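Enquirer: What follows is each chain in one-letter form.
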Amino acid sequence: MNVRMEEIRAWLSQARYFAEEAYSVRYRGAIARARRDEDDLFMLLVFSEMMGVPNPAAYYTLELQPLMLERFHEWHLRMGMERSPLDHFGCC
Amino acid sequence: MNAIVVMLLGLAGLALGYLFYSKFIAEKIFRLDPEFRTPAHEFEDGTDFVPTNRYVLWGHHFTSVAGAAPIVGPAIAVIWGWLPAFLWVILGTVFFAGIHDAGAIWASVRNRARSVGSLTGDVVGKRARSIFMIVIFLLLLMVNAVFAVVIAGLMMDFPSSVVPVWGAIAVALVIGQLIYRRKASLMLVSVIGVVALYALIGIGPSIPLQMPDVVMGVPGNALWILILFGYAAAASLLPVWMLLQPRDYINGLQLFIGLIILYAAVLFSNPTILAPMFNTNLPAGTPSMIPLLFVTIACGAISGFHGLVSSGTSSKQLDKETDVRFVGYFGAVGEGMLALAAILTATAGFASFGDWQAMYSAFGQGGVNAFVEGGAYIISNGIGLPETTAATLLTVMAALFAGTTMDTGLRLQRYIFQEWGEIYHQEWLKKPAIATLLAVGSCLILAFGAGGADGSGGMIIWPLFGTTNQLLAGLTLLVVTVMLVRLGRPMWYTLAPLIFVVVMTLWALLSQLRSFYEQGNYFLLVLDIVVLIASILVALECASALKRLRGEASKPS
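Heads up: the sequence lines are chains A and B, in that order. When we follow the working numbering, the leftmost residue of the first sequence carries the number 105, and every step to the right adds one. When we follow the working numbering, the leftmost residue of the second sequence carries the number 675, and every step to the right adds one.
Worth flagging that the hints you see were computed from the coordinates, not collected in a lab. Model, not experiment: these values are computed from the prediction. It is possible that part of the hints are untrue.
Said to hold, decoys possible - Stretches of chain A that chain B covers, calculated by requiring three or more beta carbons in the stretch to come under 8 Å of a beta carbon on chain B:
id	segment
1	115-125
2	132-146
What the hints assert, rightly or not - Label-pair ranges, simulated between beta-carbon atoms:
id	chain 1	residue 1	chain 2	residue 2	range
3	A	Phe-193	B	Lys-800	22 to 28 Å
4	A	Pro-170	B	Trp-1102	37 to 43 Å
5	B	Asp-707	A	Ala-136	28 to 34 Å
6	A	His-177	B	Met-890	56 to 62 Å
7	B	Ala-1107	A	Tyr-163	35 to 41 Å
8	B	Phe-717	A	Ala-161	35 to 41 Å
9	B	Phe-717	A	Pro-170	27 to 33 Å
10	B	Ser-792	A	Tyr-163	47 to 53 Å
11	A	Leu-145	B	Met-807	27 to 33 Å
12	A	Ala-136	B	Met-890	56 to 62 Å
13	A	Ala-136	B	Val-679	47 to 53 Å
All C-beta atoms, glycine included, are put in the ideal place defined by N, C-alpha and C.
Excised from the complex, chain A in its bound form (with noise of 0.2 Å):
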């Protein structure tokens, strides 16, 4: 009986995979796309302020910039910056 359950078990997972990996094959980059640009302009909301621009929430996304740090790089690259836009954070 319990050989039973774990063969359905398995056999569940499996189905499970390949249900996941069809519904998100066909969209997988478009989503991530889509998914980034909302990060991109999070990224400028939360670092806004030390680029001059007024943001009224910078209380809190002072808060979330060393949780964003790790992914500033990559962001002033993609914004077509070559160089970090802070004079005083170096990244590169």
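Following the hints, position chain B against chain A.
Expert: Then chain B, alone, in the frame of chain A:
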């Protein structure tokens, strides 16, 4: 003739093609190498380039290429009798479509997963790339116009399908939200989606919604066309996860279920093919079978549209190069099976020969209606489903396929307009809403321009759509042939199909040119001339590429 015998012969032909011919192509012509590092591994980024299980990729490839076109084309072409359509579908799939689809993936995989369009520029020449873009635009234009006419016709003729077709869109919207907002389990959502769709199909016949013949001075058919374009424009502007992704998924499931039901119904009901083997008593005005058969059935025998899918997403996600055979060739075989099912339903699903003849009273008649009515007759005899429910099921299947192609087509057309805006520095043209409006406008001109105010004559452009599709296939085959020659491999396996489709396309265009002129249909005459010029350019491009290759080959290396 017994339909089961024809079905088994067809399936056996496809199976032999896959087992032997595709093996030969994979090993001797493309020389697929299991050790080759595919772009999915080389540029793996978790988004576009992801090594994907070959069965999943096959499912993607098959469901992307199989739509309403392999149903409509064969169901129109059986007017010349069942044998020509049958032979062209089976031989076309085995010797043309399989190598075309697999070749497009192979060419793309060997060139950093670039699209066939951009490969044409590199492999053949810049001029060929421009022709490629024009042909794609014409193809999208025609496919959108034709499919709008097809769905509108279905909605008028089968009012029981109106609720399930639009209900399916609501189901897809809910699924999209469940998955992305609620992170619902996909297995559960699939079951709910399919059950909801079939429940809608079940209740459809009890609440038929018939569009009046004329609404505020607009014919009902035309109103449906306008509504469909309104919907497709909105759908093509929505984020993909909201509607397109869940709907494609449901459609994919529906495709498999539909195919199983159709084949099982033929097996259980054991119908007889009533249509003649060769129709000697053709209705007046039916064009000559050669060359028109080869452009009437494009998808289902060979279709250039597949090359776009092959080199768009499939090639970026191919795990091993040897998977080209399964994904590309077997993907084409899947579509051949759908086309075969369409032939069987449109020739065997009638109570008497008179009924069949009445359905095929003129060229362009029959088509998807023959598929729905014939299929419903076979399903009700074979599985015992009430005929109206079966007809609703098949209508929903065809309408959903055509609808998906429409909004994907509009999205692609919008990209082309936006790209033109980019190239010619027109800021306004880059705006999605304006580009979409232009795309819809051009399709509407075609849908109504071809057949008058009610849009009912739009099916006249079906063979023209086929010619454009074949032209695109010709260009893809040219890219593959040039690559093969440069590698010193045999070229006839791709060159022979290439010559065949280009010759048939030119011939079909010339013969249609005459009939459009005689009918005084100057709108289509102009369109025909545009496609004709494109095909002459393609033919010249082929000739010059081959000449250049011969020059290269004769020079000592």
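Enquirer: For every hint, state whether the structure bears it out.
Expert: Here's how the hints hold up against the structure:
no. : hint                               : in the structure
1   : 115-125                            : holds (count 7)
2   : 132-146                            : holds (count 7)
3   : A:Phe-193 x B:Lys-800: 22 to 28 Å  : 44 Å, violated
4   : A:Pro-170 x B:Trp-1102: 37 to 43 Å : 42 Å, holds
5   : B:Asp-707 x A:Ala-136: 28 to 34 Å  : 29 Å, holds
6   : A:His-177 x B:Met-890: 56 to 62 Å  : 59 Å, holds
7   : B:Ala-1107 x A:Tyr-163: 35 to 41 Å : 37 Å, holds
8   : B:Phe-717 x A:Ala-161: 35 to 41 Å  : 38 Å, holds
9   : B:Phe-717 x A:Pro-170: 27 to 33 Å  : 31 Å, holds
10  : B:Ser-792 x A:Tyr-163: 47 to 53 Å  : 48 Å, holds
11  : A:Leu-145 x B:Met-807: 27 to 33 Å  : 32 Å, holds
12  : A:Ala-136 x B:Met-890: 56 to 62 Å  : 45 Å, violated
13  : A:Ala-136 x B:Val-679: 47 to 53 Å  : 49 Å, holds
In summary, the numbered hints that this structure violates are 3 and 12.
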